[in-house]
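Novice: Note that the protein sequences, when read in sequence, are chains A and B.
The first sequence maps to residues 1 to 279 in our numbering.
The second sequence maps to residues 1 to 313 in our numbering.
The hints are simulated quantities; they were obtained by calculation from the structure and are not laboratory data.
Errors might be hidden in some of the hints.
[Claimed, not checked] Mimicking BS3-like on lysine-lysine, the simulated pairs with C-alpha atoms at most 30 Å apart in a straight line are:
#	chain 1	residue 1	chain 2	residue 2
1	A	K226	A	K132
2	B	K6	B	K185
3	B	K6	A	K136
4	B	K45	A	K132
5	B	K313	B	K302
6	B	K190	B	K45
7	A	K165	B	K190
8	B	K243	B	K270
9	B	K6	B	K313
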Amino acid sequence: MNKLELQKTANEVRKGIVTAVYNAKAGHPGGSLSAADIFTYLYFEEMNIDPKDPKKADRDRFVLSKGHTAPGLYSALANRGYFPVEDLKTLRHLGSYLQGHPCMQETPGVDMSSGSLGQGISAAVGMALAAKLDNKDYRTYTLLGDGEIQEGQVWEAAMFAGHRKLDNLVVIVDNNGLQIDGKIDDVCSPYPIDKKFEAFNFHVINIDGNDFDQIDAAFKEAKATKGMPTAIICKTVKGKGVSYMENNAGWHGKAPNDDEYATAMADLEKIDAELGGAN
Amino acid sequence: MADVKKIATRESYGNALAECGADFPNLVVLDADLAGATKTGVFKKAFPDRHIDCGIAECNMTGIAAGLATCGKVPFISSFAMFAAGRNFEQVRNSIGYPHLNVKIGATHAGITVGEDGATHQCNEDVALMRTIPGMTVIVPSDDVEAKAAVRAAIEMEGPVYLRFGRAAVPVINDTPDYKFEIGKGVLLKEGTDVTIVASGITVSSALDAAEMLAADGISAEVINIHTIKPLDEELVLASAKKTGKVVTAEEHSVIGGLGSAVCDCLSEKLPTPVLKIGMQDRFGESGPAAALVEKYGLDGKGIYEKVKAFVK
């Protein structure tokens, strides 16, 4: 996909996020929207996957360590063809296969159940290790929140990945700067994030995580990096694309009401127009 | 009884893994800097590429095992019960239990027979914790023969299994030609008519000793070895309770949430029967030689004998 196609697709993913959370009357739009460009790049450009064969043996793997942003993952999967986009409206409903947090047994395309913060990265490390043990060349990607990296287990996993030189692993940090209780540097600062991963023997790349040129360059650099895992620290805007949600911690875990939903969709349609029409 | 062979079930664990290594190429063993103590060092020596030391980071080890399992490996994670089940509870629940991944948890140094290290390392709560996780199989082998059989059976079944092993050497009681291990099937070791003693782990041999002493007093005790606490062999427990009308449970574990509770869960719903639970009575352990602790907390033959005798009077 070229940049414009990725941008248009990301906007569709954002519409899916807002629609899913609106229909669920609950969920986490802020961190789903900040990472929408990353989800889009992974599922439409980077990863070797097949929506028709979600469990294909040597596919690339993705673990959503920041599992509360499941709407972002689900919307990317739906738009990629794993299941109908229409089903996003069943998010969090009783009996839906779209659980509040990712469940690998329920949802096609979900490689690991996650949501308890700090645990997903360890599972991703296990997948990368499995590829090494079996001399397979599939790659593993995991997305963490910047608040999530306050969990100690993240650094246990980072230490192991660095020690084992897992160059088939990419750890992505969505650095949108906000967590439930406020700014991450007010709550309990994880900064400097890049220096920390460097200290754990990662190759570290800092980018604007809402800029596809930089995302593309970073993932190419990660693929070319041998002998150590890569961490891509993505500076992003929480709530990106929805005017009133942007950089607002209050939209970490709240659903829009009818009026707010209409405004959100109007905001996203405006972006479509700026991009020269929807996909 | 001086000639009875004694082996710690943690030794059996390590040996069984090494024996299974060739038969199961997907078997991998993870440790958290305790390969010497958990005895997985034997496996490491035989299959160095399939032994993964994760350092002192049990929670990460658990997640790594989950990731390995999604890629078709059969990982065993090894640590002391305190960490494998205690520190790790939420990782085991969410990263292994919820996705029902094929990870086996080899927990050594369970219970008070850890001995001198004392209460911080004597886990008497692990069976209670693991039993509550949906889909988790919980096995507490009583000796070397059973521990080895349990490891192989755990590999052969699909799904998460918690295996509980001890630090101290225990008598080998199952080295009989007709011994057969089946997950979820209890073993009727001795028939009796006055009282049923249901035991698991180290208390199985104690229960057999107690039964001998009780026989000398004219009390006929039935002894059942429940090596699989979940799923519990309800049929065997109910049949025995129906016959004797009195049930005693004996375990090297808290009387809250372990074998005793599992038996009571069954009996209270299906055949209300008086039950006496022998085990750690809602308290922590302490430092001391394993045998002295077993005696002090009444988990040896004499301790069980005295409590059963008072119970059936």
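Novice: Could you run down the list of hints and mark each one as holding or not?
Specialist: Structure-based check of all given hints:
no.: 1; hint: A:K226 x A:K132; verdict: holds (13 Å)
no.: 2; hint: B:K6 x B:K185; verdict: holds (24 Å)
no.: 3; hint: B:K6 x A:K136; verdict: violated (44 Å)
no.: 4; hint: B:K45 x A:K132; verdict: holds (20 Å)
no.: 5; hint: B:K313 x B:K302; verdict: holds (17 Å)
no.: 6; hint: B:K190 x B:K45; verdict: violated (40 Å)
no.: 7; hint: A:K165 x B:K190; verdict: violated (56 Å)
no.: 8; hint: B:K243 x B:K270; verdict: holds (14 Å)
no.: 9; hint: B:K6 x B:K313; verdict: violated (34 Å)
When the structure is compared with the earlier hints, violations turn up for hints 3, 6, 7, 9 and for no others.
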